[in-house]
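Visitor: Once you've looked at the hints, dock chain B against the given chain A.
If you read the sequences in order, they're chains A and B.
Quick note: the first sequence uses my numbering, first residue 860, plus one each step.
Quick note: the second sequence uses my numbering, first residue 114, plus one each step.
Because the hints were derived from the structure by calculation, they are not lab data.
There's no promise every hint is true.
Quick list of the computed label-pair ranges, beta carbon to beta carbon [to be verified]:
{"no.": "1", "chain 1": "A", "residue 1": "Val895", "chain 2": "B", "residue 2": "Met201", "range": "34 to 42 Å"}
{"no.": "2", "chain 1": "B", "residue 1": "Asp372", "chain 2": "A", "residue 2": "Val916", "range": "32 to 40 Å"}
{"no.": "3", "chain 1": "A", "residue 1": "Ala1018", "chain 2": "B", "residue 2": "Arg223", "range": "50 to 58 Å"}
{"no.": "4", "chain 1": "A", "residue 1": "Arg946", "chain 2": "B", "residue 2": "Gly229", "range": "33 to 41 Å"}
Now the stretches of chain B that chain A is said to cover, found in silico as 3 or more residues with beta-carbon under 8 Å [claimed, not checked]:
{"no.": "5", "region": "146-154"}
{"no.": "6", "region": "157-171"}
{"no.": "7", "region": "214-223"}
{"no.": "8", "region": "241-250"}
{"no.": "9", "region": "259-273"}
{"no.": "10", "region": "341-355"}
{"no.": "11", "region": "376-385"}
As the structure is a computational prediction, the values presented were derived from the model and not from experiment.
Note that beta-carbon positions come from the ideal geometry of N, C-alpha and C, so glycine has one too.
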Amino acid sequence: MTGVLPPPTVSADADPPERVSPGRVERTPRRSRKRVVRVLVSVALALLAVVFAYPFVWLISASFKPRGQVFDNKLIPETFTWDNYVRVWQEAPLALWLTNTLIVTVLAAVTVTISSAMVAWGFAYFRFRGRGMLFGLVLATMMLPGAVTMIPTFLIWNALGMVGTLTPMWAQNLFASAFYVFLLRQFMLGLPRDLFDAARVDGASQWGVFWRIALPLSKPAIAVTLVFEVQAVWTDLMRALIYLRDSATFTIPRGLKALVDAFGFGGEWHWEIIVTASVIATVPMIIIFFIGQRQIIHGISAGGLKG
Amino acid sequence: MSAVAAAPADRRVARRRARRRNTGSALLFLSPWLIGFGVFTAWPLVYSAYLSFTDYDVINDPSFIGTANYVELMQDPKIALALGNTLMFTAVQVPLYVLVSLVLALLLNRAGRSAGFYRTVFFLPKMTPPVAVGVLFLLLFNGQNGLINTALGSIGIDGPAWTTDPAWVKPGLIIMSLWTVGASVIILLAALQSVPEELYESARIDGAGFWRQSLSVTLPMISPALFFIVVVNTIAGLQTFDEAYTAFFGAGNTTYSNDAALFYVIYLFQQAFQFLNMGYASAMAWILFGLIMAVTVVQLVVSRRLVYYEGEDQK
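Bound-form chain A, shown alone:
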């Protein structure tokens, strides 16, 4: 009984006949067609939501199943066990990997945000010759495929003796990133210029205007930058494959890949270990999403519409 809505036509039929005006008669089929569309849309959305959510739910569920049951299609494990989490913790230096990832992520996100905000401010506030051209160059670097600069960049870190350390994983972020410069500049252009000029007149230094006024006002765009970069760095595999050699320096994606190699290809496919490590790698990103949902959605929409 509950949840069953009366069919749309019932209320229309119940109306006294004399109140049905010609216009209304015409509207009724269209309205019921609209309702059919709405029902179809709801059904399609619900089905698709199941398709999109299922792999997640299944993955988390599998991490609580004993080895023999990993592939069974039950969302509630037949035999519920924490063993996989205990074993992953014993088999792999997960705490170390998580710490490494956390260090790299925090350093990368903070440095890229400050440096990109500085550069964005340089483009948004100051007027100087060649500004348009220089900004065009910033945008152009966004189009450059990473594969082209990958090798010389490796050679730089190699020459500095830093291959094998965590430094190459984040230090490039000291030098701003084109996409964030673009994003932050767009936002800063919308800030009231009078405010900054007034602060200058009151004797604030250029740095003071940026650090104490522009930066706090740009909080929404800064939040977008932070969230995007946290996600990018936390999930970065390629850089970790290039620069990290010793298991003690691994980040989570590199560690997970090592587990796939060891317990998959190299072992007898201990899926329960791999599945559990995947869950551990993914859950922080889910948390980040729910913390920064608004920023993420806003940042993606803005980037896409202006691009």
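Guide: Frame of chain A, contents of chain B only:
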């Protein structure tokens, strides 16, 4: 010290002085990018172009060998294989990716109050680390026990060996990649929501039905967003790496052939960092660069006819 009290002449002088200082301050603010551009973009570009004409193994100095790398490239069967895989993957994946994003965005646009919930559900996979997506691929598409084949089996279809049969590896990877369409969905949804309601109203007054409205109002208005998604995903598709590398490459994969999953950037990565053929890999990188540029330019030219930008005269 109050500047307000300063005489007009003083202020003019101060302003002129400030303008001169302006460029200096601007450069100071731009310095992180200027340094980064020089060290991590401009120099690598030049050096990688130079390396592509050398034989270089990191330990010994690069030795100039002219165009030998490029000549070898043309004859390397693995290049042909990797290029073929990559182009085939991109050519099929991008249209499907855009189509699925569009369908999801259109549905979300009509979802009403539940839109927020569904948007979250569709976007979350995008947060999954690509390595975990690669793992999920191996699990879900497992030929014997995977969910996909179990589901297909329940409706009487004998599913293929997605992860081991060379003919089915790419289709499987493409289907898996559709799971992470979330960002494109959000871009298209934003575009759909920014179509002014008046346009639909006047179309309705002119007697346009649903399909007519979709073709004459919706499609042109969201075409810049569609184009953006096509370009960005083509570039990403041509550089596909993480998921396929996780699932098929790395230490100890002797279980099955991974030729079908050898994408261009995977082969480039192997040449550079496993075989230390830095010169050869640099040449490969420039070929990829050229390819991406060429494809993007073609897309730009074609888009001139197909993409409608507001505020621009249509000829």
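Visitor: Count the residues of the region 241-250 of chain B whose Cβ falls closer than 8 Å to any Cβ of chain A, and tell me whether that reaches three.
Guide: holds (count 8)
Visitor: Regarding Val895 of chain A and Met201 of chain B, is the given constraint of 34 to 42 Å on their beta-carbon distance met?
Guide: Between Val895 of chain A and Met201 of chain B, where Cβ atoms are some 40 Å apart, the hint holds.
Visitor: Cut-off 8 Å, C-beta pairs, minimum 3 residues; does the coverage of the region 157-171 of chain B by chain A stand?
Guide: With 6 residues close enough to chain A, the hint holds.
Visitor: Count the residues of the region 341-355 of chain B whose Cβ falls closer than 8 Å to any Cβ of chain A, and tell me whether that reaches three.
Guide: Our answer is that it holds, as 8 residues pass the Cβ test (under 8 Å) against chain A, meeting three.
Visitor: Tell me if chain A covers the region 214-223 of chain B under the three-residue, 8 Å CB rule, please?
Guide: Since 4 is at least three, the answer is holds.
Visitor: The region 146-154 of chain B covered by chain A? Criterion: 3 or more residues, Cβ-Cβ distance below 8 Å.
Guide: Coverage by chain A holds for the region 146-154 of chain B (7 residues, Cβ < 8 Å).
Visitor: In this structure, is the beta-carbon distance linking Ala1018 of chain A and Arg223 of chain B contained in 50 to 58 Å?
Guide: 57 Å, holds
Visitor: Verify this for me: three or more residues of the region 376-385 of chain B with a beta carbon less than 8 Å from a beta carbon of chain A.
Guide: Coverage by chain A holds for the region 376-385 of chain B (4 residues, Cβ < 8 Å).
Visitor: Given the hint of 33 to 41 Å, check if Arg946 of chain A and Gly229 of chain B actually sit that far apart at their C-beta atoms.
Guide: 38 Å, holds
Visitor: Is the hinted range of 32 to 40 Å satisfied by the C-beta distance from Asp372 of chain B to Val916 of chain A?
Guide: 34 Å, holds
Visitor: Tell me if chain A covers the region 259-273 of chain B under the three-residue, 8 Å CB rule, please?
Guide: It holds: at least three residues are needed, and the region 259-273 of chain B offers 3 whose Cβ sits within less than 8 Å of chain A.
Of the numbered hints given earlier, the model fails none.
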